[in-house]
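J.: Okay, here's what each chain looks like letter by letter:
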Amino acid sequence: MSSQSKSITPLSKYKLVFLGDQAVGKTSIITRFMYDKFDNNYQATIGIDFLSKTMYLEDRTVRLQLWDTAGQERFRSLIPSYIRDSSVAVIVYDVTNRASFLSVNRWLEEVKNERGEDVILVLVGNKTDQTERRQVSTEEGEAKAKEYGIMFMETSAKAGFNVKALFRKIASVLPGMENVPEPTNMQMVDIKLNSNTETTTTSESNQTQRCRC
Amino acid sequence: MTTNHASSSAYRYEERQTYLCRVWKEKILPNWDEKKHSRKLRDLVFEGIPPSVRGEVWKRIIGNPLKVTPELYSILCEQAKKSRKDFEKLTSEIAIADGDVGGSGGTVEQLYSRERSAQKSINLDLPRTFPELTFFHVESSPLQGQLRELLEAYVCFRPDIGYTQGMSYLAAGLLLYMDPCDAFISFCNLLHRSCFLSFFSMKLPDVQIYLQTHQRLFKSELLVLYEHFERIRIEPEMYMVGWIMSAYCRALPLDVVFRVWDGFILDGDAYLFRTALGILKYFEDTLLKSSFEECAFLLSHIPQDHIISDVLFQKIRSLSGVSKKRFKHIYHKCEKEMSQWNGEYFQASWKQQQQK
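Chains as they are written, first to last, in our numbering: chain Z, 965 to 1177; chain H, 163 to 518.
Among the hints, a few may not be true.
Ranges between beta-carbon positions, derived for each pair [what the hints assert, rightly or not]:
hint: 1; chain 1: H; residue 1: F459; chain 2: Z; residue 2: D1000; range: 10 to 20 Å
hint: 2; chain 1: H; residue 1: R393; chain 2: Z; residue 2: L1021; range: 29 to 39 Å
hint: 3; chain 1: Z; residue 1: K1001; chain 2: H; residue 2: D195; range: 49 to 59 Å
hint: 4; chain 1: Z; residue 1: E1022; chain 2: H; residue 2: H354; range: 50 to 60 Å
hint: 5; chain 1: Z; residue 1: E1037; chain 2: H; residue 2: T448; range: 31 to 41 Å
hint: 6; chain 1: Z; residue 1: E1037; chain 2: H; residue 2: K197; range: 44 to 54 Å
hint: 7; chain 1: Z; residue 1: T1102; chain 2: H; residue 2: S302; range: 34 to 44 Å
hint: 8; chain 1: H; residue 1: I470; chain 2: Z; residue 2: A1107; range: 53 to 63 Å
Quick look at which bits of chain Z chain H covers, simulated, 3 or more residues with Cβ under 8 Å [stated by the list, open to error]:
hint: 9; region: 993–1007
hint: 10; region: 1037–1051
If you're looking for bench data, these hints aren't it; they were derived computationally from the structure. The beta carbon of each residue, even a glycine, is placed where N, CA and C say it ideally should be.
Chain Z with its partners taken away, still in its complex shape (with noise of 0.2 Å):
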C-alpha cells in the first residue's frame, strides 16, 4: 500500500462549495471559469450541481470540484451536508442587491458553526459591471471580510472580470502547499481517493495554523 503510493503520485483535489442567496450568480461564476463563457438564461440551480476542474499553477496542479448551490434559504438544511468535507466554502453576494449583502452573515455563520476554522472562507462580491445599479461599495465588502479575516475579491462574471484571479487566489491558498504533485490522468483520482482525503485533512489543519498570519 504504502510502496504503491509512493509509486504513483495523486492529484490534490479539493472541494470548493458555492454559497449565497438566489440569482447572486454562483452558476454564472462557475460556468465563466469552467467555459469562459456567460450565459443570460441561466437556469435556477436546484439542489446542487457538480464540476471539476483542473488547474495548473506555477509550482503545481490541483484538481478543483465546484459543488453549485441553490441559494433559496428553504434549501439551507442540505448545507450541512454538502460542506461537510469542503476545503473552501465560497460566499457570493450580488453588489447591486443589498440583501444579498446582509445575507452574509448568515452564510458565514452557517459554515462556521458546521465546520468551525477547518475551512478556508471567501466573500465574493459579483455584477460589478452594473455600475449604475451598485448598492454595496467595495470597501464595504472589504470590510465584511476583514472584520471576518477571510478573503475577499470583486468579480463580473458577466464581463468576465476577475473570475480567473478569484481562483487563482484560492489556489494559492489551498492547504498542502508542500507537496509538489505532478499532474497525472484522471483514472489515478479514484483509485487515490481514500488516502488523498486523509493528506488532505492533516495537511488542511497545518495550513489552518499557518494561515493566520
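Once you have looked at the hints, place chain H on chain Z.
T.: The following block gives chain H in isolation, referenced to the frame of chain Z:
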C-alpha cells in the same frame, strides 16, 4: 434507404398518435367513471398521453379531493395582487431609504429582511423557468403572467409552505396543458398527495425518509451500481433532490418529462422514484466505469441529447420491483425506522443530560 426507413417510422408514429387520440376522445373520456381504473387506461397512460388530450386526462386523474373552487382561486388571486402591490411599495421604500450606498441603518435592514419573501423568489425564478421556452421567459408573455399568478396564489393558499424553487417547473408544466384555474387546482392537489409537499417544505426527516426509500429500492434493483456508488461515495442528496424538486425538468428533455409526469400522475411517488432508477439503469454501464467526479458530473448534467426516449421508458418499465405497493411498503418501513432511531437518539441525549 435509411431516410425511407426513418420517414416510414415517423409516419407510423404519427399514425399511432392519431389512433391514440381517437381512443382517448371517443372511448375513454366519454366513459370515464367506468374506465378510470381499467387496465386499458393504465396501458394508454404509460404509452404516453397524446398532448392534445393530456391536460384533460391529467385533470381527471388528479381530481380535486381538496375541493378547491374557481371562486377560491379568484379570491386568492386578488389577495396575491394586493401583496404584490405591497411588495412593490416596499421595494420603492427601500430604494428611497437606501439613497446612499454606505448607509446601513436599522430600518433599512428591517425592510430588507421583509423583502426576502416568497414574492422576491418568484420574481427571480420566473424568467429562469424553462428558459428554452421563450413564452415563460419574456416578461410580457401571458404565460409568465399566469405562472406568477398561480405561484403567488399558492403562497396565499398555503403560507405555511410558501414558494420553493422547483415549484415553478411543476406549475409551468401544468399551465402548458390547462387553463390557469384548472392548473391551480391540479397543482394544489398534486402537491398535497405526493412527496412534493415534503420536498418543497424541506422538512429534513421527511426528505430523509424518501431518500432512504430510494436507497433501499436502488439496492434491491441495481445492486452492482448501488455498491459502486457506496464505494465512490455518491450520495442520493447529490442527484435526487434536484431531480425530484424540478420534477425532472432539469434532468430530462421536455417530451420525456411530460411522459414521466403521465406515469407520476397515475401512480404517484412510486413512479417518480422508479424513473430515478430508470435513469440510473439507462446510464448504468457508463456509471460503473466512472470515477466519483465523472458520476457526480453526469448525474447533475444528464446528456439530454443522448437520451432515446423509448429505451429510457423500457428501462423504467423493466423495474417492476418498484410497484406502487412495494414503494409504500418500503416507505413506511423507513419511516418507522427513522422515528425509532430518532426516539433512541433523543432518549440517549436525554439520559446524558440527566447524568450531567
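J.: Between Z:T1102 and H:S302, does the C-beta distance stay in 34 to 44 Å?
T.: holds (36 Å)
J.: Per the hint of 44 to 54 Å, is the separation of the Cβ atoms of Z:E1037 and H:K197 within bounds?
T.: Roughly 45 Å apart at Cβ, these two residues keep to the hinted range, so it holds.
J.: Please test the hint of 10 to 20 Å on the beta carbon pair from H:F459 and Z:D1000.
T.: holds (18 Å)
J.: Is 49 to 59 Å right for how far apart the beta carbons of Z:K1001 and H:D195 are?
T.: Cβ of Z:K1001 to Cβ of H:D195: about 55 Å, so the range 49 to 59 Å holds.
J.: Has the hinted range 31 to 41 Å been met by the Cβ atoms of Z:E1037 and H:T448?
T.: Check passed, 36 Å falls within 31 to 41 Å.
J.: Could one say that the CB atoms of H:I470 and Z:A1107 fall in the range 53 to 63 Å?
T.: holds (55 Å)
J.: Mind taking a look at whether chain H covers the region 993–1007 of chain Z? Criterion is 3 or more residues with CB to CB distance under 8 Å.
T.: holds (count 3)
J.: Is 29 to 39 Å a correct range for the gap between the Cβ atoms of H:R393 and Z:L1021?
T.: Cβ of H:R393 to Cβ of Z:L1021: about 30 Å, so the range 29 to 39 Å holds.
J.: Can you take a look at whether the region 1037–1051 of chain Z is actually covered by chain H? Rule is 3+ residues, C-beta closer than 8 Å.
T.: Our answer is that it holds, as 7 residues pass the Cβ test (under 8 Å) against chain H, meeting three.
J.: Between Z:E1022 and H:H354, does the beta-carbon spacing fit 50 to 60 Å?
T.: holds (58 Å)
Hint check: no violations occur; every hint is consistent with the structure.
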